[in-house]
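Engineer: The chain contents come next:
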Amino acid sequence: MSGTIEILVDGAPVRVRPGISVAAALLGLGRTAWRRSPRQDAARGLFCGMGVCFECLVTIDGVPGQRACLARIHPGMRVETG
Amino acid sequence: MTQTDIAVVGAGPAGLGAAIAARRQGARVLVVDAFAAPGGQYWMQPASPGNAQAREGAARIGEARSLGVDFLTGAELWAAWPGFRLGCVVDGAGREVRAKSLVIATGAHDRPVAFPGWTLPGVMTPGAAQRLLKLDGTSPGRRVVLAGSGPFLLVVAGQLRAAGVEVAALVEAARPGRSLLRALAFPERFPEMAALLRGVAGLPVRFGAVVAAAQGQDRVERVALARWPGLAPAGTVEDVDALLVGYGFRPQVDLSTLLGCRHAHDAAKGGWHVVADPLTGATSVAGVFAAGEVTGVAGARPAWLGGLAAGSAAAASLGFGAAVAPAGLTRARRFAAWLGAVWPPARGLGALAGDATILCRCEDVTRADLLAAVADGASTAAAVKMWTRCGMGPCQGRICGAPLADALEQAAGLDPAAVGRNEARIPLRPVPVEVVAEVAGRLPDGVPALSSQG
Numbered sequence: 000m001s002g003t004i005e006i007l008v009d010g011a012p013v014r015v016r017p018g019i020s021v022a023a024a025l026l027g028l029g030r031t032a033w034r035r036s037p038r039q040d041a042a043r044g045l046f047c048g049m050g051v052c053f054e055c056l057v058t059i060d061g062v063p064g065q066r067a068c069l070a071r072i073h074p075g076m077r078v079e080t081g
Numbered sequence: 000m001t002q003t004d005i006a007v008v009g010a011g012p013a014g015l016g017a018a019i020a021a022r023r024q025g026a027r028v029l030v031v032d033a034f035a036a037p038g039g040q041y042w043m044q045p046a047s048p049g050n051a052q053a054r055e056g057a058a059r060i061g062e063a064r065s066l067g068v069d070f071l072t073g074a075e076l077w078a079a080w081p082g083f084r085l086g087c088v089v090d091g092a093g094r095e096v097r098a099k100s101l102v103i104a105t106g107a108h109d110r111p112v113a114f115p116g117w118t119l120p121g122v123m124t125p126g127a128a129q130r131l132l133k134l135d136g137t138s139p140g141r142r143v144v145l146a147g148s149g150p151f152l153l154v155v156a157g158q159l160r161a162a163g164v165e166v167a168a169l170v171e172a173a174r175p176g177r178s179l180l181r182a183l184a185f186p187e188r189f190p191e192m193a194a195l196l197r198g199v200a201g202l203p204v205r206f207g208a209v210v211a212a213a214q215g216q217d218r219v220e221r222v223a224l225a226r227w228p229g230l231a232p233a234g235t236v237e238d239v240d241a242l243l244v245g246y247g248f249r250p251q252v253d254l255s256t257l258l259g260c261r262h263a264h265d266a267a268k269g270g271w272h273v274v275a276d277p278l279t280g281a282t283s284v285a286g287v288f289a290a291g292e293v294t295g296v297a298g299a300r301p302a303w304l305g306g307l308a309a310g311s312a313a314a315a316s317l318g319f320g321a322a323v324a325p326a327g328l329t330r331a332r333r334f335a336a337w338l339g340a341v342w343p344p345a346r347g348l349g350a351l352a353g354d355a356t357i358l359c360r361c362e363d364v365t366r367a368d369l370l371a372a373v374a375d376g377a378s379t380a381a382a383v384k385m386w387t388r389c390g391m392g393p394c395q396g397r398i399c400g401a402p403l404a405d406a407l408e409q410a411a412g413l414d415p416a417a418v419g420r421n422e423a424r425i426p427l428r429p430v431p432v433e434v435v436a437e438v439a440g441r442l443p444d445g446v447p448a449l450s451s452q453g
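Quick mapping for you: the protein sequence lines, in order, are chains A and B.
Note that numbering that gives the first Met the number 0 has the first sequence beginning at 0, numbered continuously upward.
Note that numbering that gives the first Met the number 0 has the second sequence beginning at 0, numbered continuously upward.
These are computed hints drawn from the structure, not numbers from a lab.
Idealized CB from N, CA, C, for every residue including glycine.
Heads up, some of the hints might be wrong.
Every beta carbon over 10 Å from chain A, so not counted as near; a handful from chain B, in silico [claimed, not checked]:
1) R23
2) K99
3) G163
4) R177
5) P190
6) A340
Computed cross-link-like contacts, SDA-like style, restricted to lysine to any residue with a CA-CA straight-line distance of at most 25 Å [to be verified]:
7) B/K99 to B/D69
8) B/K133 to A/V13
9) B/K133 to A/L69
10) B/K133 to A/G27
11) B/K133 to A/M76
12) B/K133 to A/I59
13) B/K133 to A/G10
14) B/K133 to A/G29
15) B/K133 to A/R71
16) B/K133 to A/I4
17) B/K99 to B/E62
18) B/K133 to A/R38
19) B/K133 to A/P74
20) B/K133 to A/T3
21) B/K133 to A/S36
22) B/K133 to A/V8
From just these sequences and the hints, can you work out the full model?
Structural biologist: Laid out in structure tokens, this is it:
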């Protein structure tokens with residue numbers, strides 16, 4: 000798998016293209032939902048795609064509340080979904 | 000801390016125009032933008048060789064850099080204080096910008112509409128799909144439905160097809176009529192229009208129709224359509240893995256609100272927008288100028304030219320040269336007015352939401368919650384926020400503002416202008432507490448770091 004880098008998604012190593020957004024990486028892995036809503040506990044995923052709506056929040060390298068649409072993949076990144 | 004003469008917020012066509020014009024007249028200019036590269040949504044970078052639009056953006060960015068315009072990218076604005084001081088976060092660290100004058104060029108984002116199932120994963124905005132395609136080479140789905148209203152749907156449809164995505168249906172609320180013929184008055188835009196039409200030739204287009212519901216188990220699988228207006232059922236589109244819905248754009252007015260600029264509501268301009276002088280971009284606040292979509296949605300060309308005008312006027316106000324009015328601005332705005340006549344803003348979209356439909360995605364506030372608040376006497380966006388928490392989440396009303404106004408108009412007959420809007424507060428975006436503490440120590444006495452809540 001040349002041209003890809005390894006990251007950890009929920010503890011599992013996966014290979015993704017470097018430089019893409021975390022949201023694109025998750026979509027590429029077949030994930031469309033990666034968060035639960037606060038009161039109804041419903042599945043949520045990417046919505047506005049440009050940092051406005053805060054629907055796509057994930058924990059990155061231990062820092063919670065990061066927007067998957069804005070954050071870019073780097074080698075060894077640890078992404079935790081909700 | 001960075002000191003400059005003019006800080007331009009937003010690096011799309013309007014912001015780049017403002018920066019270039021102001022720098023040409025001799026002012027020091029710093030452009031602040033939240034994204035990793037300048038260009039905004041319209042001139043999104045990096046530019047691929049075959050993309051003339053992005054290459055035009057790259058040329059403008061290059062021109063700005065060669066003139067000596069400074070850029071602070073990846074910088075999210077979380078505060079603005081009088082003086083002017085801007086609070087930014089870059090890579091998690093605080094960064095303060097001080098400027099004698101500001102140009103607000105914060106653009107717009109897709110105008111959301113609440114309908115049953117709009118919170119299902121796989122339902123996104125056309126703008127989200129465009130960023131995925133252009134920046135990440137990633138498709139939002141394999142078989143998608145594009146819906147809403149406006150020429151941007153045609154743009155995104157063409158881009159999806161070029162990327163090999165199947166567009167199962169393009170659902171447009173408007174019914175283009177005789178106003179289309181007035182395109183003949185704008186021969187300079189023919190190549191652009193022809194390219195747009197080539198991109199969507201042969202697509203299954205449904206005019207006078209809307210998405211009534213997105214259905215599926217934990218993700219969108221099926222899309223139910225209805226005639227518009229009237230909402231008579233109009234069939235379903237099956238085996239869908241993405242639904243992209245956008246009814247035009249909403250100006251991004253949180254910064255202009257914080258600074259106390261006067262705003263007005265006009266559905267034809269995307270709703271709430273900054274009131275700015277059409278020739279200079281001057282707002283109601285001395286030293287604050289605005290350009291582009293934040294002054295009312297009109298498209299990229301008026302944004303670029305309006306940016307040139309605002310940047311020039313801002314520089315002149317500080318004693319750098321004389322204000323120059325760019326050629327072609329009036330004509331560009333006339334073209335925007337024609338687009339507005341072909342795709343008039345869809346009114347009455349509040350009828351799409353059922354009682355269980357979520358209006359506020361951050362706090363899971365439903366239409367039924369809203370109606371209960373209205374029955375208790377709430378009739379403004381501010382009151383609804385206190386009653387229901389609608390608008391209290393991290394989006395600060397940027398997403399739920401339009402669905403809330405739609406619902407209040409439909410259920411209680413309230414005019415969106417009278418309902419008002421969720422007033423932006425500091426912090427505009429979530430910010431590390433250390434960053435707030437650091438800035439608080441530097442602010443003059445009597446200037447609070449954070450807005451009082453209430």
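Engineer: Hints first: check each against the structure and report whether it holds.
Structural biologist: Outcome of the hint check:
1. R23: Answer for B/R23: holds, closest chain A Cβ roughly 30 Å.
2. K99: 28 Å, holds
3. G163: 15 Å, holds
4. R177: Consistent with the label, B/R177 stays out of reach of chain A, its closest Cβ about 35 Å off (over 10 Å).
5. P190: 28 Å, holds
6. A340: Consistent with the label, B/A340 stays out of reach of chain A, its closest Cβ about 28 Å off (over 10 Å).
7. B/K99 to B/D69: 16 Å, holds
8. B/K133 to A/V13: 23 Å, holds
9. B/K133 to A/L69: 14 Å, holds
10. B/K133 to A/G27: 15 Å, holds
11. B/K133 to A/M76: Measuring from Cα to Cα gives roughly 23 Å; hence the hint holds.
12. B/K133 to A/I59: 23 Å, holds
13. B/K133 to A/G10: 29 Å, violated
14. B/K133 to A/G29: 19 Å, holds
15. B/K133 to A/R71: Status holds; Cα separation ~14 Å.
16. B/K133 to A/I4: 20 Å, holds
17. B/K99 to B/E62: 23 Å, holds
18. B/K133 to A/R38: 34 Å, violated
19. B/K133 to A/P74: 22 Å, holds
20. B/K133 to A/T3: 19 Å, holds
21. B/K133 to A/S36: 29 Å, violated
22. B/K133 to A/V8: Given that 25 Å is the threshold and the Cα spacing comes to 24 Å, the pair holds.
Checked against the numbered hints above, the structure breaks hints 13, 18, 21 and satisfies the rest.
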